[in-house]
Amino acid sequence: MDSQSEYIEDLRIIKKVMEESSRFLSLSGLAGIFAGLIALAGAAISVFLFLDGKLILADGFFNDKTVHEMSRLKIGLSAVALIVLILAIGISFWLSYRKSVQKGQKMWTPVSKRLLINMVVPLLTGGILIMILYSHHNWQLVIPSMLIFYGLALVNAGKFTYNDVFYLGMIEILTGLMAAAFPAFGLLLWCFGFGVLHITYGLIMYRKYER
Amino acid sequence: MKVDISGLSKFFENRIRLGIMSILIVNDSYDFNSLKAALGVTDGNLASHLKSLEDNSLVRVNKKFIGKKPNTSYSATETGEKIFRTHLKALEDIIRKK
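For the record, the sequence lines run as chains S and U.
With the first letter of the first sequence counted as 1, position 201 gets the number 201 in my numbering; the numbers rise by one all the way through.
Quick note: to get my numbering, add 1000 to the position in the second sequence (first position is 1).
It cannot be assumed that every hint is accurate.
The calculated lysine-lysine pairs, modelled on BS3-like cross-linking and capped at a C-alpha distance of 30 Å, are [said to hold, decoys possible]:
hint, chain 1, residue 1, chain 2, residue 2
1, S, K16, U, K1082
2, U, K1068, S, K15
3, S, K99, U, K1051
4, U, K1097, S, K106
5, U, K1097, S, K113
6, S, K65, S, K106
7, S, K54, U, K1089
8, S, K16, U, K1068
9, S, K16, U, K1010
10, S, K15, U, K1010
11, U, K1010, S, K113
12, S, K106, U, K1068
13, U, K1051, S, K65
14, S, K159, S, K208
Since the hints were made in silico from the structure, they are not lab data.
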């Protein structure tokens, strides 16, 4: 029956338009893989250049350092963290932009703006908190804060993009709480949260939506 | 088997109007240019369909200024939402009864 297929097409259009206008679907799985690799590279550089080759830091690690060593450590670790952040965000933006061009969609839409605002609020809050913790020499909470606030940003973002992002956020938050409970394993959990999880998520997204 | 098509609304026989309503159901409001981009239609075409939805109180227009630029956005009215949901349910029922 002809009108029957018209109705099916109507439903298909409704579903497609609703989804495209309320969720940003140009996030790239490859971006996750790259971000994860960059994070692991950053952690490796930190371990070998600044942390005496140690991935698990004993309680008194920072106490044994001289003032001079400590300032070299602070500047070095902050620089690595900043470069990792900029590279990961840059690559994610670029790959998302490429994906939306490929799909013939705009990158800057009402939903992508909402996605961004919902991520920026927890990320900026976390960023400022980390700078405050840093200036108060409250090292133990820096890594947990990174993971927890990033996780909160993803949980927020999940409403405006793939659902998978929500679950990634939940695992990041749990990882952050673990890092707060077991500070010695902070860096290891950081590698898990920003490295391993991103790569796993990227592979899943790539296989699920981009192949 | 005879199917009930009484829930279908003539407003949504047109796919552009159907698209406009689908967007406004899942978004509190949507501006003209974004609607245009999302549906891939021309200014004139979109404006005339929005006008007919507005005239029938399915859609509400919100005009405001961002800086000095006028910005027109649209929202679904309660009536519009009700008619659309009834239409959607009727479509689904028809397909299911096939």
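Each hint, compared with the structure:
no. : hint             : verdict
1   : S/K16 x U/K1082  : holds (20 Å)
2   : U/K1068 x S/K15  : violated (36 Å)
3   : S/K99 x U/K1051  : violated (34 Å)
4   : U/K1097 x S/K106 : violated (38 Å)
5   : U/K1097 x S/K113 : violated (41 Å)
6   : S/K65 x S/K106   : violated (51 Å)
7   : S/K54 x U/K1089  : violated (61 Å)
8   : S/K16 x U/K1068  : violated (34 Å)
9   : S/K16 x U/K1010  : holds (21 Å)
10  : S/K15 x U/K1010  : holds (19 Å)
11  : U/K1010 x S/K113 : violated (34 Å)
12  : S/K106 x U/K1068 : holds (24 Å)
13  : U/K1051 x S/K65  : violated (72 Å)
14  : S/K159 x S/K208  : holds (18 Å)
Checked against the numbered hints given earlier, the structure breaks hints 2, 3, 4, 5, 6, 7, 8, 11 and 13 and satisfies all the rest.
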